[in-house]
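Residue strings, one per chain:
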Amino acid sequence: MVSTVVHAAFALALAAGLLGEYYDRRALAAVLAVVLLPELDSFLGPVMPGAHRTVGHNLVFPAAVALLLYYDTRLRSVSVLRRRLARWTSERSAERWIAVAWVAIFVHVFAHVALDWVHLDGVNALWPLRDRFYALSGEIVLSSADGFTQTFVDVRVDPATGSRQIDAGAGGTTATVHVSNPVEPRAPSEVADEPVDRRFPVASAGWRLYLIGVGLFTLVARRLQSADPRQ
Amino acid sequence: MGRARGRSRRGNRALAAALVAGIGSDLFGGAGANLLYPFHDAYYRIDGRLLFSTREGVVQTFVALGAEGPGLLPFPSPGTTASYPIPTWVNPDGRPGLSIGADRELVLVRSGWQLVVVAAGTALLDPIPTWVNPDGRPGLSIGADRELVLVRSGWQLVVVAAGTALLVVRVAQARRSGESDADRDRREVA
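Order-wise, the sequence lines are chains A and B.
Counted from 1, the first sequence has number 96 at position 96 by our numbering; the numbering is strictly sequential.
Counted from 1, the second sequence has number 165 at position 165 by our numbering; the numbering is strictly sequential.
Quick caveat, the hints were computed from the structure, so don't treat them as lab data.
Treat the hints with care, since some could be wrong.
Far from chain A by the CB rule (all over 12 Å, computed), these chain B residues [what the hints assert, rightly or not]:
1. Arg13
2. Ala21
3. Ile46
4. Ala102
5. Ile142
For the chain A half of the interface with chain B, some residues (derived, Cβ under 10 Å), not all of them [what the hints assert, rightly or not]:
6. Ser3
7. Tyr22
8. Tyr23
9. Arg25
10. Trp97
11. Ile98
12. Asp146
13. Phe152
14. Arg156
15. Gly169
16. Ala170
Ideal Cβ positions, reconstructed from N, Cα and C, are used throughout, including at glycine.
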């Protein structure tokens with residue numbers, strides 16, 4: 001996995017930008033919980049092959065939750081969620097928590113699923129609709145020789161048959177892919193005599209350390225900014 | 001006083017943004033940054049790993065004490081301005097000289113994680129309402145008030161009026177000369 005610390009730090013930076021007037025400790029805690037809980041799919045690994053990066057790391061569940069939230073709070077004449085929240089707390093904080101929920105969905109998709117999408121075997125993006133891991137890699141270049149070039153989604157047309165092949169980084173399925181994690185440090189199929197080494201990464205590359213730095217910087221800077229400058 | 005303070009706060013924010021986004025992204029795993037320049041000439045590149053392993057304990061390779069290279073700071077140094085040219089879009093070989101006709105590459109997004117950061121950052125911009133998407137936020141907003149602004153202010157009206165007038169004059173000119181041409185033809189045939 002991209003380290004949980006990196007997910008949390010990037011989530012903090014994004015949440016600080018999106019929460020606006022709702023930015024406070026409770027909102028941050030709620031967003032962080034939504035971002036980090038999907039990592040628990042590691043613990044499903046022993047009972048379900050390929051569960052890590054599948055159950056908690058797809059784009060289908062966030063999309064479904066977003067659609068439900070949109071239907072309930074915008075389209076319905078009476079929103080069940082808003083009424084429940086208002087009964088527990090107050091009308092105003094019901095609006096507030098609905099806004100926080102939107103931020104949490106966004107941050108989960110970008111700070112967790114998308115960052116894991118670019119790491120190792122990627123994520124099982126369309127599970128449970130389609131069982132296929134996708135890994136995002138490539139670059140976008142403006143070249144004086146080749147013009148605008150992008151290699152994230154490779155579209156190739158076979159000149160002989162005219163059939164189109166699209167390579168968006170599709171890999172194996174839950175049956176063939178195992179993304180190592182501290183719960184299952186190696187693939188179940190792998191047989192080795194060495195003792196088990198569980199590794200808990202904090203940052204495995206410079207850019208990940210950088211994202212951690214940016215997240216912490218944002219947290220500190222927001223705290224200093226909210227203080228009255230005249231005092 | 002208040003304005004000066006406001007300006008200095010904005011200045012602080014701009015400086016912080018420049019340090020974090022401008023230098024940080026090159027320093028951590030990018031091409032490198034010459035941190036102490038112009039006082040001391042050496043590029044630094046912070047790239048490595050920090051993890052806890054049940055067998056090896058804490059493993060850390062970002063900070064390298066006594067690392068080889070010309071650097072003073074305890075980070076790996078790939079070289080100096082003389083020994084480590086960094087190619088850019090403006091200067092493709094990273095050396096003095098014009099390099100006219102060289103192949104220039106402007107890398108917009110170098111890898112997947114950079115695409116993720118760009119995509120996420122775009123959503124942090126202030127929502128821009130348009131005619132198609134009136135609140136500038138995701139969602140359909142069916143039944144919302146839609147405004148297609150044709151002219152937003154006086155100077156735009158002046159530009160539109162001037163353009164329209166130009167068009168009318170040109171059409172009128174063309175028609176007048178066109179008709180006179182046809183008339184002349186008819187007269188000549190007759």
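Taking the hints in turn, this is what the structure says about them:
1. For Arg13/B, the condition that its CB be more than 12 Å from all CB atoms of chain A is violated, with the nearest at approximately 8 Å.
2. Non-interface status of Ala21/B relative to chain A is broken: a Cβ of that chain comes within 12 Å, the nearest being about 8 Å off.
3. The Cβ of Ile46/B does not lie farther than 12 Å from every Cβ of chain A; its closest approach is about 5 Å, which violates its non-interface assignment.
4. Distance check for Ala102/B against chain A: the nearest CB is about 8 Å away, which does not clear 12 Å, and the non-interface claim fails.
5. With a least beta-carbon separation of about 9 Å from chain A, Ile142/B fails to lie farther than 12 Å from that chain, contradicting its non-interface assignment.
6. At a threshold of 10 Å, the smallest CB-CB gap from Ser3/A to chain B is about 8 Å, leaving the interface hint in force.
7. Interface restraint check: Tyr22/A against chain B, minimum CB-CB distance 15 Å, threshold 10 Å, status violated.
8. A hinted interface residue such as Tyr23/A counts as satisfied when its beta carbon comes closer than 10 Å to some beta carbon of chain B; here the least separation is about 13 Å, so the hint is violated.
9. The closest approach between the C-beta of Arg25/A and any C-beta of chain B is roughly 21 Å, which is over the 10 Å cut-off, so the hint fails.
10. At its closest, the beta carbon of Trp97/A sits 18 Å from a beta carbon of chain B; the interface hint therefore is violated under the 10 Å criterion.
11. Look at Ile98/A: its Cβ only gets to about 13 Å from chain B, farther than 10 Å, so that hint breaks.
12. A distance limit of 10 Å between C-beta atoms decides the matter here; for Asp146/A the minimum to chain B is near 8 Å, and the interface restraint holds.
13. At a threshold of 10 Å, the smallest CB-CB gap from Phe152/A to chain B is about 7 Å, leaving the interface hint in force.
14. Given hint, Arg156/A at the interface with chain B, is violated; its Cβ is 20 Å from that chain's nearest Cβ, farther than 10 Å.
15. Annotation: interface hint on Gly169/A holds; nearest CB of chain B at approximately 9 Å, less than 10 Å.
16. The beta carbon of Ala170/A comes no nearer than 14 Å to any beta carbon in chain B, farther than 10 Å, and the hint placing it at the interface is violated.
When the structure is compared with the earlier hints, violations turn up for hints 1, 2, 3, 4, 5, 7, 8, 9, 10, 11, 14 and 16 and for no others.
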